[in-house]
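Undergrad: Each chain is listed here by its residues.
4 protein chains.
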Amino acid sequence: MKSVIGKNITLALYGESHGSAIGVVVDGLPAGIKIDADFIQHQLDMRKPKGKISTQRKETDDFVITSGVFNGYTCGTPIHITIENKTQRSGDYQPNLPRPSHADYAAHVKYNGFEDYRGGGHFSGRLTAPIVAAGAIAIDILKNKGITIGTHIKKCQHIEDRSFENFAEDIAICNSKYFATLDENTGTQMQQHIESIAADCDSVGGVLETCVLGMPAGVGEPYFNSVESVLSHYLFSIGGIKGIEFGCGFGFADCLGSMANDAFEMDDGKVVTKTNHNGGINGGITNGMPILFRTAVKPTPSIFKQQDTVDLDKMENAKLQLKGRHDPAIFHRARVVADSVTALALLDLLVQHFGERWLAE
Amino acid sequence: MKSVIGKNITLALYGESHGSAIGVVVDGLPAGIKIDADFIQHQLDMRKPKGKISTQRKETDDFVITSGVFNGYTCGTPIHITIENKTQRSGDYQPNLPRPSHADYAAHVKYNGFEDYRGGGHFSGRLTAPIVAAGAIAIDILKNKGITIGTHIKKCQHIEDRSFENFAEDIAICNSKYFATLDENTGTQMQQHIESIAADCDSVGGVLETCVLGMPAGVGEPYFNSVESVLSHYLFSIGGIKGIEFGCGFGFADCLGSMANDAFEMDDGKVVTKTNHNGGINGGITNGMPILFRTAVKPTPSIFKQQDTVDLDKMENAKLQLKGRHDPAIFHRARVVADSVTALALLDLLVQHFGERWLAE
Amino acid sequence: MKSVIGKNITLALYGESHGSAIGVVVDGLPAGIKIDADFIQHQLDMRKPKGKISTQRKETDDFVITSGVFNGYTCGTPIHITIENKTQRSGDYQPNLPRPSHADYAAHVKYNGFEDYRGGGHFSGRLTAPIVAAGAIAIDILKNKGITIGTHIKKCQHIEDRSFENFAEDIAICNSKYFATLDENTGTQMQQHIESIAADCDSVGGVLETCVLGMPAGVGEPYFNSVESVLSHYLFSIGGIKGIEFGCGFGFADCLGSMANDAFEMDDGKVVTKTNHNGGINGGITNGMPILFRTAVKPTPSIFKQQDTVDLDKMENAKLQLKGRHDPAIFHRARVVADSVTALALLDLLVQHFGERWLAE
Amino acid sequence: MKSVIGKNITLALYGESHGSAIGVVVDGLPAGIKIDADFIQHQLDMRKPKGKISTQRKETDDFVITSGVFNGYTCGTPIHITIENKTQRSGDYQPNLPRPSHADYAAHVKYNGFEDYRGGGHFSGRLTAPIVAAGAIAIDILKNKGITIGTHIKKCQHIEDRSFENFAEDIAICNSKYFATLDENTGTQMQQHIESIAADCDSVGGVLETCVLGMPAGVGEPYFNSVESVLSHYLFSIGGIKGIEFGCGFGFADCLGSMANDAFEMDDGKVVTKTNHNGGINGGITNGMPILFRTAVKPTPSIFKQQDTVDLDKMENAKLQLKGRHDPAIFHRARVVADSVTALALLDLLVQHFGERWLAE
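Heads up: the protein sequence lines correspond to chains A, B, C and D, in order. Heads up: the first sequence begins at 380 in the working numbering, then just goes up one per residue. Heads up: the second sequence begins at 380 in the working numbering, then just goes up one per residue. Heads up: the third sequence begins at 380 in the working numbering, then just goes up one per residue. Heads up: the fourth sequence begins at 380 in the working numbering, then just goes up one per residue.
Any given hint could be a false lead.
The list treats identical chains as interchangeable, and a pair is accepted whether it falls inside one copy or across any two copies.
Unchecked claim - Each computed DSS-like pair below joins lysine-lysine, with the alpha-carbon atoms no more than 25 Å apart:
1) LYS386 with LYS693
2) LYS524 with LYS431
3) LYS386 with LYS413
4) LYS437 with LYS386
5) LYS684 with LYS429
6) LYS524 with LYS684
7) LYS653 with LYS386
8) LYS386 with LYS431
9) LYS702 with LYS431
10) LYS429 with LYS465
11) LYS698 with LYS649
12) LYS465 with LYS698
13) LYS413 with LYS522
14) LYS693 with LYS465
15) LYS702 with LYS429
16) LYS413 with LYS702
Quick caveat, the hints were computed from the structure, so don't treat them as lab data. These numbers come from a predicted model, not from an experiment.
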């Protein structure tokens, strides 16, 4: 129950925001998989802050692979990906004044005052960079197996993007954009909205919607390792995600069974469902339809408005005025992180079923 | 990635709906914990179908503990709890016609036609009975540590229950009722609504809301084993749950940071938050406030209306007319299952922090 | 770190010597494997005490499978195997006088006095019966993949059996006997020796030697999950085993590299080694040669000679005179347990490599 | 079943002999533990090749901690320790000619020809350096809890060291020497013997003996996670170890129960055993006596005598003449690795029992 995840493809994550480096050890990938360094860098770039809608801390996020890759292919042994921290400005942080809705106070209790508080330490969103690098490899492997993943920004306050329609095309649209909405105008509106919120020293939340196309039926486990269990476990690893729903999700509460059930039918010799209210998962097992889920991302807790907090040294009420560099919204950057952990989670389930040899076939 | 869960307190679940017995092996509880057999039976009774709002299959659910308990106390070795199946009526099932939105088809692919299809086999809701028995022990242990859990039915279509107000009292209300709503009238309305839906051969979904009071701050892990990750992993083990949100959850998408942040303040020498939009969890770690989450339960897929399906032998479209005994709603029975897995998940996290010895202190 | 083992094929063991039942949940076997109940019973019979060289407690060890098997084939869900305890005679045990070299005292400290002390409780050799039942299924699966396992009694004090020569034939000899020696006369001598030791109220230890034929090269992991790591982990699960050596084992300490190295050569288009000092494992990975290891089994601690112990109630020195039914030697019964855990360990490693689907192919 | 180990204290190892860096992520240590960088370097120096009895590849093994330590104390988050490779000479290796008794051929099959063959790649003994660095932290923590570990070279061919007598003093002797024998003359003889074997282009094996003093009684688990199971799992992670025996080990095969049993007696109000044939472990659980075990280390497979092998490209017999830098013996360097994994294994078991908070108390 620690900073390690995965049964077949294991990630061990490390690093602090203002330490010398962050990184991840990816264990369990078979030998013989071509590593596309450009795609890894592309995905890291998709996670990077850009423009006025993101933090002004700009890291180059140049990654280095120090092991597990030989002559451009995985050699079957653990892959270590590391990213140097270069632009730390630790002076901006006051350890005695926990930032509301950040990990500061909870970490202070858990780590008994020994936590690295600088820039949120281990809890910093920067730690998602190595996850994205590892995820890029997973996304690439899945693509070779005909499985594609796309996430768009479904909602930011009152502004809503359209839903997935043509899955293959829409996934391609998601993956072609930094600020990924399916509808172009919606994206422009959302970005303008975020800018105006940033100007007001505030931040804003949103909803992401993810689609996975091409997953074979019959993957996952009943009960304790249902596809929903495993995906949600990975997705709630991303700081700021506070909700997940599969298929109709909370909408099921408004439904009768006769409306919600996905009737089967034959389609060109293949069993499909007429609707996909269950988001491609029945009884915790994939049914061959697209996997669909939405995740709720809370507003960045770091805002420039003055806030109430406590002084942990004096144990008395205090005021907090944040300085530093912060994101007025993170869902557009969390999007590629969601794709990454989704790919890693599904890869783990697929290896259980097909064996590690299968990945490299 | 199988039918085993837990790092410190491990559950190994087994059984099929129409096999001879179902059960669970609970490993990791320390010696010296008093086992309250009456409370286990009470919790099992809370899960049992009752009245017109539930299936007419009535099992007594008499449990037997065959190991791990000696002279009324845990002896530190694995506890095996088993429940006999007595009222199987396997004639009701047609293996070639998968029931829409059930596990039938996905299981058929996964298990290559060897699945025990009778009554849903391993996927049957009956398998939650041993989970409830194990959970009863966990709930009891937590209670001794001052941690209490309650779940009520927040919503069934248009009918909504009030939210938690006075946590201690409201948790007591939840635990005192079979059909658990905080508002008495709302409960009556919901039950009448379910009955009318049952009369119409249909089923209905709902939303559960759970509160955990008394969790110490500082429990959980960053990233891969955040409290949200671990709780959601356990909760999505329950068939029919398709969504979970912590604190404001999907409501965060409508929020600005200035509205969503939970400011800290001193309360009688203790650090608390003025609001609890984050549901007691910051950065994946408990902050000492009540843990709050909601889960979406889909309508029971088994309905008595005729449905479209496919014939897996002939690989052609077919019609399905279900017979047998089915629940028009399951959220009122799932409620105690939600409490059970919540207790088991939190116990596992607490043992990581405090050690297994602590449980028996 | 509990009574659960296995990553892909998981065992959860439960039971006490004088409880109502002992059993195991086997999780992770794919659907479609034919279950040979007669072979399971045959293996259980191989573990049963027989004649004067074993305890006089005679249990029928009739096993019941309550889940996971449907129409004679695995259905892909957890298999629960249970065995009733029938001939308990708990009056024979004095909880305050720990038996030397038994688990009694260590368990007393670990479980804080709450342990089930009757007949050794959970630590009783009886618990190996469910392991043998589970192992029988594993042995059967491996046999279908061309992998066979045999263990003989290599040594009992001064009496030594010959080593493996013709592997296939010798494995067949091992599996055809209750008291398994490769040389018939040696077996007779050993049994007479044990009888005379039993007549003298004493017990005796021995060495087992195991061979696995047919393992493909390339299975296992470097470092933390080397084949030696995984096999030894399983084998030291068997009470009374206190040593293991692979290939030349401790004999390597007398060797120069030039004597110990296994030179490669081509044999009918296949890479083999001229010698097999490494017991089929190089760098933790199988090399395609037979896996060979020896395990040391200590003398049964239960002897009928008077022994020194302490009185845990009075905390003073005391004398212990055992009554009850005990084995003067256990290695002949441990033999089938060694085969069982070897099969389960190798199956787990093979599934990692080839995937669970492969097992049922 | 991969390059990750530990349930509570997890190690994720990475690196290849001729890659840019090797390292380990240590997860699960609580916050507030003082890190003694000098002791880590001291332990790494104990593992380094020195003099004529070791390889001439001399790495400085300067380690860097890039995360998890803040102001000299653990901050509770994963610790990443990395060591740069500086003196690679990859030209020395011929990938088509597998070295007898090395991992080369097994790895070639496992990794399908994609393995990094340079200097043994991931299988190189260099990978034990990060394990030693992690182990140094574990040894330090145990020392603060009154638990000390020492390993000496018990045997090298015909030359034998004396056994442990005064445990505390002898452990101190072990830890004060690079070539650790309890008897000074024996050590000199062994080193001369190794030098003469090296001069003859050969290598030699040996036996290590380890003692752990101060482990509390009651730690470990019955069956699948016995102390023997867990320790052997870790120890067989060290390349070249091919046997382990606890207490009398294989000597038990020559014993009667009346000779082998460890009688209990009271000693100054404490329960002890008069003898310690079981090496401090009964039924898989510590009994409070010193833990004692011996491990067999095979001769280094790399020798400068010509050897028979096969050509994997041409699939025909071939001759191999090794060049490069190799150790004529490794047991003297493996000694500190044995201490390291022993400390890590015991720490994991202790945390299970006492909780992670206890470590930092």
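Undergrad: Work down the list of hints and note, for each, if the structure agrees.
TA: The hints, checked one at a time:
{"no.": "1", "hint": "LYS386 with LYS693", "verdict": "neither (45 Å within a copy, 38 Å between copies)"}
{"no.": "2", "hint": "LYS524 with LYS431", "verdict": "neither (38 Å within a copy, 48 Å between copies)"}
{"no.": "3", "hint": "LYS386 with LYS413", "verdict": "within (22 Å within a copy, 27 Å between copies)"}
{"no.": "4", "hint": "LYS437 with LYS386", "verdict": "neither (34 Å within a copy, 37 Å between copies)"}
{"no.": "5", "hint": "LYS684 with LYS429", "verdict": "within (22 Å within a copy, 53 Å between copies)"}
{"no.": "6", "hint": "LYS524 with LYS684", "verdict": "neither (48 Å within a copy, 39 Å between copies)"}
{"no.": "7", "hint": "LYS653 with LYS386", "verdict": "neither (34 Å within a copy, 37 Å between copies)"}
{"no.": "8", "hint": "LYS386 with LYS431", "verdict": "neither (40 Å within a copy, 43 Å between copies)"}
{"no.": "9", "hint": "LYS702 with LYS431", "verdict": "within (16 Å within a copy, 60 Å between copies)"}
{"no.": "10", "hint": "LYS429 with LYS465", "verdict": "within (17 Å within a copy, 38 Å between copies)"}
{"no.": "11", "hint": "LYS698 with LYS649", "verdict": "between (62 Å within a copy, 17 Å between copies)"}
{"no.": "12", "hint": "LYS465 with LYS698", "verdict": "neither (30 Å within a copy, 51 Å between copies)"}
{"no.": "13", "hint": "LYS413 with LYS522", "verdict": "within (12 Å within a copy, 36 Å between copies)"}
{"no.": "14", "hint": "LYS693 with LYS465", "verdict": "neither (33 Å within a copy, 50 Å between copies)"}
{"no.": "15", "hint": "LYS702 with LYS429", "verdict": "within (19 Å within a copy, 53 Å between copies)"}
{"no.": "16", "hint": "LYS413 with LYS702", "verdict": "neither (43 Å within a copy, 32 Å between copies)"}
Figure legend: structure checked against the earlier numbered hints; hints not met, in rising order: 1, 2, 4, 6, 7, 8, 12, 14 and 16.
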